[in-house]
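Residue numbers (the working numbering), protein chains in the order written: chain C, 1 to 250; chain P, 1001 to 1326.
The hints are simulated quantities; they were obtained by calculation from the structure and are not laboratory data.
Model, not experiment: these values are computed from the prediction.
Be aware that one or more of the hints could be misleading.
[Stated by the list, open to error] Pairs of lysine to aspartate or glutamate residues, derived as EDC-like cross-links and limited to a Cα-Cα distance of at most 20 Å, are as follows:
id, chain 1, residue 1, chain 2, residue 2
1, C, K185, C, E167
2, C, K144, P, D1200
3, C, K110, C, E135
4, C, K144, P, D1010
5, C, K185, C, E122
6, C, K245, C, E231
7, C, K144, P, E1009
8, C, K185, C, E175
9, P, K1281, P, E1039
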Amino acid sequence: MEALLEVRELSLRFGGITALSQIGLAVAEGETLAVIGPNGSGKTSLFNCITSIYRPTSGAISFRGEPLTRHSPDEVTRLGIARTFQNLRLFHNMSVLDNLMVGRHLHFRKNLLAAVLRLRGEETRHRRRCEEIVEFLNLEPVRKTRAGDCPYGVQKRVELGRALATEPRLLLLDEPVSGLTQEEKEEFAYWIHEIRGRFGITILLVEHDLRVASRLAGRMVALDHGVKIAEGTPAAVQRHPDVIKAYLGE
Amino acid sequence: MDLVESYAEDLRFARRPAARVLLGLLLAALAVFPWVAAEHLVFLATLIALYSIGVIGQNLLIGYTGQISFGQAGFLAIGAFAFGHLRIWGAPFALALLGAGALAAVAGVFVGFPSLRLKGPYLSIATLGFGVAVYQVFVNWEVLSGGRSGLAIASLQPMFGLSGTRWTYYVYVLLLTGFTLAAYNIVSSFIGRAFVAIRDSDIAAEVNGVSLTRYKLLAFAISSFYTGVHGALYAQILGHIEPQIFNVLESITLFVAVIIGGVASIEGSILGAVFVTLVPKVFANFREMVPVVYGVTILLVLIFEPLGLFGRWLKTRLYFQLWPFR
Ligand SMILES: Nc1ncnc2c1ncn2[C@@H]1O[C@H](COP(=O)(O)OP(=O)(O)OP(=O)(O)O)[C@@H](O)[C@H]1O
Ligand SMILES: [Mg+2]
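I would like the entire structure built from these sequences, with the hints used as guidance.
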């Protein structure tokens, strides 16, 4: 099967620090791939390269066969990649609903005059899509609440909803269940499972909670100090001696 | 309980009946005002109306998009002189006004380019530099500024048998109404959401498909259009302009109005315009006190009421809504 996302010999350096070194991986359409690794191993940096927030020092990334090196982050999103952030980046002063509506931005038929004259056909059309997401993620009670006033667990859901609102082909989740209570983790794992099942979205997932990661992902990749040290089924990767060494130290 | 029947209804302007009644009363009061108030008060209200347009424009840029900018005096000057020349060449008022706004908007796009690379204080300094440069160009380039004698602009021809003061008042208040409605519509549309998204988190905005280039430049263009119109209306009411009018203090005054009125609030912008128009009048005999009053008020606002006069009003309103239960 042809890969949806392909990363080849990707390297990223910040001055003396090598955040990523010759990383290669492929994500197949419809799968869930988990990236694991200890703190500072380069997981978030990998996401930042894929979404064009960082320019890789060398290497190539391609999505649906198209190279992604010259695109700005918003163009990458338009091609069908959405993401969430490890340390939430919500629009704090907007309502939850408006946060989701920003996710719809790229699907709007944009007409300056219609905006100035308050012709809101597009608005209601997209509002309907957002309400579907509101319902899916149980956000009804906080729909009109300022995002910054929501509790942490809700904010994580809002960010997931905003990413879903862009209607991605590939969804990058950076530690989606970190900082959540056990119950919230269960809920979130269910949603992630459903996103793949119901919407057919491919998922690339960074997760520290290995129990959750191995439950959700069909395959796993392990990084350490910016180097890929293992790849395979979750069970095999977690048994890999280099992975055990990376997590437990020498 | 506030029940909404449909998404379209949720998006309506002044949806609640109370808001519509208030709006009607306000418009009626504005219409009657020049017939009950003394002439100098009508003139003052006209001044506030034109100033409000500029403050709303700057609030779109500073308050909504979060691009702290100090080039306002430059856009005022461009608007005023473009308007002056167009009028002298025989363009009618409305056309000259449009031309002034459009030229300022084009200048705004140019000034906006640094905003794609510069953030926070660096952008402020770059835009401040633009304001100073425009000032120097007009001071030194007599073809543009009309030399030592400046530009003289013919006054508005009153219609319907109204006095000049009343006619100007009505025209300006009508323009303010139009620009206010347009601003409300913009901030509640996908454009306004993109602006606020950029302010709250530019990275998240980008990752959700908002083009920073396009929307930052759009914010500069729209706000400069408003400020250019402000400059033109000011030129019209003065009847005579020279570059010295548009110095750095004008940039600061507009900025002060945004902060004191309330960032990211259209109503607040108008309150801010009232403030910066009235303070110099109240302190007419102590001119040098005006900047001090601005400075102290800004400090008080930032410490006690970061949302400005409008934030104060929201709290007062909440107080009365909850009364007598507190
Ligand atoms: N903008 C940056 N400037 C300098 N160094 C950076 C930058 N971003 C990341 N790094 C460095 O790159 C390395 C990888 O960081 P990264 O955030 O990708 O790790 P991570 O695997 O996501 O870690 P964590 O599990 O803590 O989230 C670290 O050594 C980090 O200090
Ligand atoms: Mg990380």
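Taking the hints in turn, this is what the structure says about them:
no.	hint	result
1	K185/C x E167/C	23 Å, violated
2	K144/C x D1200/P	17 Å, holds
3	K110/C x E135/C	26 Å, violated
4	K144/C x D1010/P	11 Å, holds
5	K185/C x E122/C	35 Å, violated
6	K245/C x E231/C	15 Å, holds
7	K144/C x E1009/P	15 Å, holds
8	K185/C x E175/C	11 Å, holds
9	K1281/P x E1039/P	15 Å, holds
In terms of the numbered hints stated before, the structure departs from hints 1, 3 and 5, listed from lowest to highest.
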